[in-house]
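Could you build all of it, start to finish, from the sequences and the hints given here?
If you read the sequences in order, they're chains A and B. For the first sequence, the residue numbers in numbering that gives the first Met the number 0 are 0 to 353. For the second sequence, the residue numbers in numbering that gives the first Met the number 0 are 0 to 193.
Don't read these hints as lab results, they were simulated from the structure. Backbone N, C-alpha and C fix where the C-beta goes; we use that ideal spot for every residue, glycine too. Hints are not guaranteed to be accurate.
Partial pick of chain B residues on the chain A-facing surface, computed with a CB cut under 7 Å [what the hints assert, rightly or not]: (1) G87; (2) C88; (3) L97; (4) G101; (5) H112; (6) K118.
To list a few chain B residues with every Cβ distance to chain A over 12 Å, as calculated [claimed, not checked]: (7) P9; (8) N90; (9) Y92; (10) Q107; (11) S154.
Heads up, incomplete: computed chain A residues facing chain B, CB under 7 Å, no partners named [stated by the list, open to error]: (12) D142; (13) I150; (14) L226; (15) F352.
Listed here are the chains, written in short residue letters.
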Amino acid sequence: MKDFVKKLFQASDLQHEIMPAVISSRIRLARNLSDSKFVKYACRGDLRAVADRCEKALLSYPSLKNSDVINMSDLQEYERMALVERHLCSQEFIVDTNEARLLLADDRLISVMINEEDHLRAQVFQSDLNFRGMFDKINGIDDHLSKNLDIAFDAKYGFLTSCPTNVGTGMRASVMLHLPALVITKQMNNLILAVQKLGFVVRGLFGEGSEAQGNLFQISNQQTLGLSEVDILSRLTQIIKSIIDYEMNAREIVKKERMVWLCDFMGRALGILRGCYLMTSEDAINGISLMMLASDLGYLPNALRNDLAQILMKIQSSHIQVLANKLLSDSERDIKRAEIVRDFFATVPNLRFH
Amino acid sequence: MDKCQFCGKPATVHMTQIVNNKTTVVRMCNECATKHGLFSKEELPFAMLSSLGEALFAGIRQNLSTQGLICSKCGCTPMSFKETGRLGCPNCYRDLKLLIDGIVDSSQKGAFHKGKKPKSQTTVEVEKILEKEGLSDSPANGNTSRRRRKNSPRSKLEELGENLSNAIKNERYEEAAKLRDEIRKLKKSEGEES
Ligand SMILES: [Zn+2]
Ligand SMILES: [Zn+2]
Numbered sequence: 000m001k002d003f004v005k006k007l008f009q010a011s012d013l014q015h016e017i018m019p020a021v022i023s024s025r026i027r028l029a030r031n032l033s034d035s036k037f038v039k040y041a042c043r044g045d046l047r048a049v050a051d052r053c054e055k056a057l058l059s060y061p062s063l064k065n066s067d068v069i070n071m072s073d074l075q076e077y078e079r080m081a082l083v084e085r086h087l088c089s090q091e092f093i094v095d096t097n098e099a100r101l102l103l104a105d106d107r108l109i110s111v112m113i114n115e116e117d118h119l120r121a122q123v124f125q126s127d128l129n130f131r132g133m134f135d136k137i138n139g140i141d142d143h144l145s146k147n148l149d150i151a152f153d154a155k156y157g158f159l160t161s162c163p164t165n166v167g168t169g170m171r172a173s174v175m176l177h178l179p180a181l182v183i184t185k186q187m188n189n190l191i192l193a194v195q196k197l198g199f200v201v202r203g204l205f206g207e208g209s210e211a212q213g214n215l216f217q218i219s220n221q222q223t224l225g226l227s228e229v230d231i232l233s234r235l236t237q238i239i240k241s242i243i244d245y246e247m248n249a250r251e252i253v254k255k256e257r258m259v260w261l262c263d264f265m266g267r268a269l270g271i272l273r274g275c276y277l278m279t280s281e282d283a284i285n286g287i288s289l290m291m292l293a294s295d296l297g298y299l300p301n302a303l304r305n306d307l308a309q310i311l312m313k314i315q316s317s318h319i320q321v322l323a324n325k326l327l328s329d330s331e332r333d334i335k336r337a338e339i340v341r342d343f344f345a346t347v348p349n350l351r352f353h
Numbered sequence: 000m001d002k003c004q005f006c007g008k009p010a011t012v013h014m015t016q017i018v019n020n021k022t023t024v025v026r027m028c029n030e031c032a033t034k035h036g037l038f039s040k041e042e043l044p045f046a047m048l049s050s051l052g053e054a055l056f057a058g059i060r061q062n063l064s065t066q067g068l069i070c071s072k073c074g075c076t077p078m079s080f081k082e083t084g085r086l087g088c089p090n091c092y093r094d095l096k097l098l099i100d101g102i103v104d105s106s107q108k109g110a111f112h113k114g115k116k117p118k119s120q121t122t123v124e125v126e127k128i129l130e131k132e133g134l135s136d137s138p139a140n141g142n143t144s145r146r147r148r149k150n151s152p153r154s155k156l157e158e159l160g161e162n163l164s165n166a167i168k169n170e171r172y173e174e175a176a177k178l179r180d181e182i183r184k185l186k187k188s189e190g191e192e193s
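Okay, here's the thing in structure tokens:
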């Protein structure tokens, strides 16, 4: 089991094309079989039959034939949590692991949850904003599924889902953004409200609302019915592009008007990352976020951005336990985390403000 | 404008009733509503009555309309939806329509699906036939048949094949099925001739 789990995490490292403020994007489609009860109402036997049919249909798609299919109940709690930390499955998915199976494509850029709250929830990931390419990819899978399975669909309501808030396209598209300058200049609450009015939601990636750690936010569509997939994706793209512009402007202003303060802030953070022996995940996330900003601004090598995004994964609690291959206490984790962070930042050059 | 079910005058009161699990809307004028005991016998000024009636019946309708609903396939009710936040099966969208429409109305952009449709079994079937008849759009077949078309007059079969793929592309499945049968017939007769 150890090697298997390790393999899962090694292969799934997203290679980031460096695009300031954008960490990654994702499209998810929810689908159900028309002749079975939805997951929350189905008995174990039904769920097993559904899972078998879905698995077979998925593995018969050429680009998924080398995928791993994991029975979630075979994993340790912290191993399941680590998959959530990677966004390969949802928090809800690991609460009830009854016949819950996770398909991971060999490049780890596609995952399919079988028996989450819907029979099928397929996700595709990417590190930039190429929704067109992502949609083509997931649409191909979806077409294949509907050729091989009887998918629940209604002319008025579209794809039928266990919760009416997902009905219609069954599609949720989201982008993870790194917005330190908007947080520093206290613009997030305004942004959250403005985006909400457009039918989209902003969530902190770690922690809630504008108090999000690491200045990391996820923006996604709230509405799934009454809009086509293309409508949703082009609206989201527009919103994301204007948020990025907004963030870039804020970065320029902070640089121009608070340069000494910014240097001090970043310099101290790097000092802590290099010298720590006990580190909470909150401190680590916030520190790494500042180093990501430094790299975007050219104070650290730009190429470091990918490594920083990876370190951000590795310092999360369950990842540390997967690495140690055992359950750890809070303070044991803080020690291990400090080790990872210290080792990494020892190799990072000094900040160069120009 | 709706008419009163009892006397035919314009209806001002709409009430949803559920009898034997079936939802029906009763439409009445104020007079008949009063006669049937829905309002007090004392006469109220018309304007007041109608606004009061509207407010009252909007509330009643909302509560009444989802009461007693149950999915015939899985037994899900508005109550169980309220508890779990999840529906029981695809058929719930039919049997609990009133509940669904309320939720959709308050949370979604529109009431009708505008996105993609599943690549249905019909399409798949027709595609398979196209392939078998050597008329599919796949590059292997497409190139040769297109080249042939340039040099020789189009055969009836090719024309039908093209119509068939157009019908499928535009999701006119009934037409596609007819064309498919025609192609089969033609192929059969050609086979018999040679
Ligand atoms: Zn009347
Ligand atoms: Zn049902």
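Exercise. Given B:G87 was flagged as interface, is its beta-carbon under 7 Å from a beta-carbon of chain A?
Worked result: 4 Å, holds
For this session: Take a quick look at B:N90 and tell me if its Cβ sits farther than 12 Å from every Cβ on chain A, holds or violated.
Result: The claim is violated: B:N90 sits with its nearest Cβ about 9 Å from chain A, within 12 Å.
Exercise. Would you say B:P9 is clear of chain A, with no C-beta pair closer than or equal to 12 Å?
Worked result: 30 Å, holds
Exercise. Does the interface hint hold: is A:L226 within less than 7 Å of chain B, judged Cβ to Cβ?
Worked result: Result: holds, 5 Å to nearest chain B Cβ.
Problem set entry | Given as non-interface: B:S154, partner chain A, CB spacing beyond 12 Å | The claim stands: B:S154 keeps its Cβ more than 12 Å from every Cβ of chain A (closest is about 30 Å).
Exercise. Taking 12 Å as the cut and beta carbons as the points, is B:Y92 off the interface with chain A?
Worked result: Not fine: 5 Å to the nearest Cβ puts B:Y92 too close to chain A.
For this session: Classify the hint on B:G101 as holds or violated, based on whether any CB of chain A lies nearer than 7 Å to its CB.
Result: 9 Å, violated
Exercise. Close enough to count: is the Cβ of B:C88 nearer than 7 Å to one in chain A?
Worked result: Holds, because the Cβ-Cβ distance from B:C88 to chain A comes to roughly 5 Å (cut-off 7 Å).
Exercise. With a cut-off of 7 Å, does the beta carbon of B:K118 approach a beta carbon of chain A closely enough for the hint to hold?
Worked result: With a minimum Cβ separation of about 4 Å from chain A (threshold 7 Å), the hint on B:K118 holds.
Problem set entry | A:F352 as an interface hint toward chain B, with CB separation required under 7 Å | 47 Å, violated
For this session: Hold the hint about B:H112 up to the distance rule: shortest CB distance to chain A must be less than 7 Å.
Result: This hint holds: B:H112 lies near chain A, its Cβ roughly 3 Å from the closest one there, short of 7 Å.
Exercise. Can A:D142 be said to touch chain B, with a Cβ gap under 7 Å?
Worked result: 4 Å, holds
Figure legend: structure checked against the earlier numbered hints; hints not met, in rising order: 3, 4, 8, 9, 10 and 15.
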